[in-house]
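Asks: Here are the chains, one letter per residue:
There are 2 protein chains.
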Amino acid sequence: MSILLEHAELLLRDAAGYRTLHDGYLGIRGSVIDYVGESAPEAPYARRLDMRGKLVMPGLINCHSHIPMVLMRGIGSGLGLHEWLFETIFPIEDRLVREDVAAASRFALLEMIAGGTTSFSDMYFFPDETVRAVAEAGVRANLNRCVQCFDENQTVEENHQIKESLALFEQYHGAENDRIRIDFSIHAEYTCKPRIARAYSALCAERGARMHLHLSETEREVRECIERYGVTPVAWFEQMGTFDSPTAAAHCVAVSAEDRAILRAHHVSVIHNPTSNLKLGSGFAPVREMLDEGINVALGTDGAASNNNLNLFEEMHLAAIMHDGYHRDPTLISDTEVLDMATVNGAKLQGRDDVGVLAVGKKADLIAIDLSRPHLYPVFDTPALLTCSAQAGDVCMTMVDGKILYENGEFLTLDAEKIKAQMRAALARLYA
Amino acid sequence: MSILLEHAELLLRDAAGYRTLHDGYLGIRGSVIDYVGESAPEAPYARRLDMRGKLVMPGLINCHSHIPMVLMRGIGSGLGLHEWLFETIFPIEDRLVREDVAAASRFALLEMIAGGTTSFSDMYFFPDETVRAVAEAGVRANLNRCVQCFDENQTVEENHQIKESLALFEQYHGAENDRIRIDFSIHAEYTCKPRIARAYSALCAERGARMHLHLSETEREVRECIERYGVTPVAWFEQMGTFDSPTAAAHCVAVSAEDRAILRAHHVSVIHNPTSNLKLGSGFAPVREMLDEGINVALGTDGAASNNNLNLFEEMHLAAIMHDGYHRDPTLISDTEVLDMATVNGAKLQGRDDVGVLAVGKKADLIAIDLSRPHLYPVFDTPALLTCSAQAGDVCMTMVDGKILYENGEFLTLDAEKIKAQMRAALARLYA
Chain A
1 MSILLEHAEL LLRDAAGYRT LHDGYLGIRG SVIDYVGESA PEAPYARRLD
51 MRGKLVMPGL INCHSHIPMV LMRGIGSGLG LHEWLFETIF PIEDRLVRED
101 VAAASRFALL EMIAGGTTSF SDMYFFPDET VRAVAEAGVR ANLNRCVQCF
151 DENQTVEENH QIKESLALFE QYHGAENDRI RIDFSIHAEY TCKPRIARAY
201 SALCAERGAR MHLHLSETER EVRECIERYG VTPVAWFEQM GTFDSPTAAA
251 HCVAVSAEDR AILRAHHVSV IHNPTSNLKL GSGFAPVREM LDEGINVALG
301 TDGAASNNNL NLFEEMHLAA IMHDGYHRDP TLISDTEVLD MATVNGAKLQ
351 GRDDVGVLAV GKKADLIAID LSRPHLYPVF DTPALLTCSA QAGDVCMTMV
401 DGKILYENGE FLTLDAEKIK AQMRAALARL YA
Chain B
1 MSILLEHAEL LLRDAAGYRT LHDGYLGIRG SVIDYVGESA PEAPYARRLD
51 MRGKLVMPGL INCHSHIPMV LMRGIGSGLG LHEWLFETIF PIEDRLVRED
101 VAAASRFALL EMIAGGTTSF SDMYFFPDET VRAVAEAGVR ANLNRCVQCF
151 DENQTVEENH QIKESLALFE QYHGAENDRI RIDFSIHAEY TCKPRIARAY
201 SALCAERGAR MHLHLSETER EVRECIERYG VTPVAWFEQM GTFDSPTAAA
251 HCVAVSAEDR AILRAHHVSV IHNPTSNLKL GSGFAPVREM LDEGINVALG
301 TDGAASNNNL NLFEEMHLAA IMHDGYHRDP TLISDTEVLD MATVNGAKLQ
351 GRDDVGVLAV GKKADLIAID LSRPHLYPVF DTPALLTCSA QAGDVCMTMV
401 DGKILYENGE FLTLDAEKIK AQMRAALARL YA
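First to last, the protein sequences are chains A and B. Residues in the first sequence are numbered consecutively from 1, following this note's numbering. Residues in the second sequence are numbered consecutively from 1, following this note's numbering.
Only chain A is shown next, with the shape it has when bound in the complex (with noise of 0.2 Å):
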């Protein structure tokens, strides 16, 4: 299949920043953009989309999710942390079956995609499932089945999770085109202890696969990991030998100078979850240092349950505005800086350097904001209609490695009233 962009206003990058092409041809054949120009081409294409009125720009990546909590979407506002976890979301948790991760993933599914997101990394139980709604769904993502150890002395052969992980690994890592990828995981910290954190970071070494962590999330967890073993969690991961993988690490809102050090001395990506750190109380993670000191920061909304909904929008506009108004400064953090988080810095986070521009060679991951709206005009400076101006519902098509995935308020590959009707069961049997 061929298709051919014509008239849109496309959202380019280079090293000099971003600009927007008015007018402009945007060709993709198979999954990949095969030309990008201010002239219609000369090859033929199948089909021609006109786009005008339309920005076109590189799709969202959403890098920290646990896309099946959308089961417990808003359960318990108001709760502290300690009682909304262990009191309310642990025993609902506790009885999740498959079937309901299914449901769940595919109906998060529905909501990510119309709100412009074509890639994600996910953590979550049952993640064979969600594998599965993305196979059939047609979205990018780095999934992974996290490992947690309470006992010390267990060994990697008594620790299922580690088995599912390896056995996903084996089964699905580059699957769909290399749409799928699944990384290692450990939960964190204070979730698993040494012995087992050392052994299957060196199992992800071996395996050159990648990690994903909840890494020093709060003051408390920094705290206890300092009484437990005398070093930051950070420090700690790299005892461990977690870093010697490339590591996307959730959250960072409690790292230290010394510990960015480390972060960056392993080129560490961080992602920050602004909605999720400000409702859970959590804080502000010191995202202009890191920025300084290059380390790769990327986005993420994590769960629907602390958010309340999966929209990198609004991920997008709290992170160009709650560090200027905590540091009292207008300038801290840029829109570019807040939509590259966005983009490519989340496309590096999830090792994948054919995403997260509009430029030919790279895959047609794409998502149009339809200008039309009166929210979006006028239009002085792109990135900051994006991350300050726009909202999720204002993405009218979304594209996924060449296929179009959701146009005009229709999803074409999913059947979002048979998923309605699945997520609906399985609510009713998690809340009976």
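Possibly wrong hints are sitting among the right ones.
Where chains are identical, the list cannot tell them apart; a pair therefore holds if satisfied intra-copy or between any two copies.
[Said to hold, decoys possible] SDA-like mimics (lysine to any residue), calculated; alpha carbons at most 25 Å apart, straight line: (1) Lys-420 - Thr-20; (2) Lys-418 - Tyr-377; (3) Lys-420 - Ala-135; (4) Lys-193 - Gly-409; (5) Lys-403 - Asp-354; (6) Lys-418 - Glu-176; (7) Lys-420 - Asn-408; (8) Lys-163 - Ala-188; (9) Lys-420 - Gly-409; (10) Lys-403 - Ser-31; (11) Lys-420 - Phe-380; (12) Lys-193 - Arg-29; (13) Lys-193 - Tyr-377; (14) Lys-420 - Met-397; (15) Lys-403 - Ile-262; (16) Lys-163 - Ala-202; (17) Lys-403 - Asp-244; (18) Lys-163 - Thr-336.
Treat the hints as calculated values from the structure; they're not laboratory data.
Based on the hints, put chain B in the right spot on chain A.
Replies: Here is chain B on its own, set in the frame of chain A:
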């Protein structure tokens, strides 16, 4: 005209808080709600609307805006406050003509109506043009011509803004079935000399009008006022007699406990502007303290030049989570309190006890939210859904004073295409 909304999820509020009535009926006769119930009313209605799958709730109230500033949306993003204001915004405002404000007011109303705003309080140049736009659009508004004075010897007779303010009040206060009210307004302490502030405040009290101010937006403003007059801006306005009239004070970021005691004693309402305070680096208003002390706190977007939109769903989202993050307490501000800020508290601030809740005898200012969107399901907690899951684009119907202004993407009172053409012409002239 009479309309019956059938089979709606109705968001009701009583002393115990919010509750939803499933499969509810809401009847409107003229501009007033005349029925709310679980079963169909016996009385006939001219029009019946099937609201299955839609949440019907009070319209949102934007208590601090400068709506014609959509002309400057996103301009100068990334500049420091001084450079942005003095080198970018003020020179543009200096070129503004009446036609610009006429076009921009209508254009901004498209955005506000589509995003569920049914009433707003506005401060800008050529307010009579905004009055006409509001009359035509059918929304509710408290408008003002704000007063400034940089000459300490100037008399009331010499201040042309006071003249305009009084004329506006005489001509339009209570117009359009009371949809339009005219407030008095002093721009801020730092832009108004005491003699005029005192005299104009007395004129406001004489007429029984309401006052609208910028107040203690930054620590710098407070420091400079203390240097000038030996008192904080709050204490200064009290000395001027300003608070002898019901007053709405925008921002109140830098207010001490003593300041808040003055605000409370005079029943001053505070407008919290989350995006503007973060984006401009102003900081975090003491919202928890103000609520605990019994101060009425409402919400505002401020102008689109420093926001960069007029989206109250974003303001609700921020108000619900930014203080929790700042104070490291996820329970600090409840979703119910935020929903109150955007509805009943706003109504109180505007001096309108006939809007802000859905109840028999109240004006029919209401909106409908399309619950079929994936990000709005499941619904465990409606206030949490509205503050932390919903987007402005989820609004599928907006009604003010019993009249439908917007339905499924169509504007019924404004000619969107004509307004867009006028807006393009205004921009072309302004930036020629």
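Asks: Among all the numbered hints in the text so far, which are the ones the structure does not match?
Replies: Checked against the structure, the hints that fail are numbers 4, 12, 13, 15, 17 and 18, while the rest are satisfied.
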